[in-house]
Amino acid sequence: MSEEPSMNERESALRFTKLWSEAQPTVSGFVRGMISELSTVDDIMQEVALALYSAFADYDPSRPFVAWALGIAKNKVHDRWRAVARSRQVAHDPELLEALTQISAEMADELDEQRSALQECLRQVEGRSWDLLQRHYVHGHQPRDIASTLGIEAGHVRVLLNRVRSALRQCVERRLVGGGA
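Letter by letter, the sequence shown follows residues -8 to 172 of my numbering.
Source of the hints: derived by calculation from the structure; they are not laboratory data. Treat each hint with caution, since some may be false.
Cβ-Cβ distance ranges computed for the label pairs, FRET-style [what the hints assert, rightly or not]:
1) Glu144 with Gln115: 23 to 33 Å
2) Tyr50 with Arg73: 23 to 33 Å
3) His69 with Tyr128: 49 to 59 Å
4) Gln161 with Gly131: 21 to 31 Å
5) Leu41 with Arg73: 14 to 24 Å
We put the beta carbon where it would ideally sit given N, CA and C, even for glycine.
Construct all of the structure, not just a fragment, from the sequences and the given hints.
What follows is the structure, encoded as structure tokens:
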């Protein structure tokens, strides 16, 4: 059995709802002025509303609700700024930046080697295999279109393309490992 909220709880919830609905446009304007991303503004506004509701029993009615709500909003914005600053600090760490630069350079060298090996292997492809590669990868034709042009089944075109790709992959791997064809 669920318990009915007491009259005080209902009155408190109604009072909060009234005060928050009056203060929300001002608080929202403040948060929008401090945070540029709309989804973040929405998140912060939800956090503010939840914090206000949770602490409403501590609210001093002799003080303006808007001022209290703005104080909570200011703290939430500040928390978000701190979180963003921490995440940016990691991205601007000189050692991390140096490590990422080194990794990028190594990857570029590795990609250059792979590209050269692939070019050498492609020079060895001839005849029907070369025609299939050209039609599919250069001209962007789908296997079903290639199949209708060549008078064969689309499934057969897919099998042939897989065989050519597999042969190219093996050729590239051999070149990268041993330097041979």
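Okay, the hints, checked on the actual structure:
| no. | hint | in the structure |
| --- | --- | --- |
| 1 | Glu144 with Gln115: 23 to 33 Å | 27 Å, holds |
| 2 | Tyr50 with Arg73: 23 to 33 Å | 25 Å, holds |
| 3 | His69 with Tyr128: 49 to 59 Å | 53 Å, holds |
| 4 | Gln161 with Gly131: 21 to 31 Å | 25 Å, holds |
| 5 | Leu41 with Arg73: 14 to 24 Å | 19 Å, holds |
Going down the numbered hints, you'll see the structure goes against none, and every one checks out.
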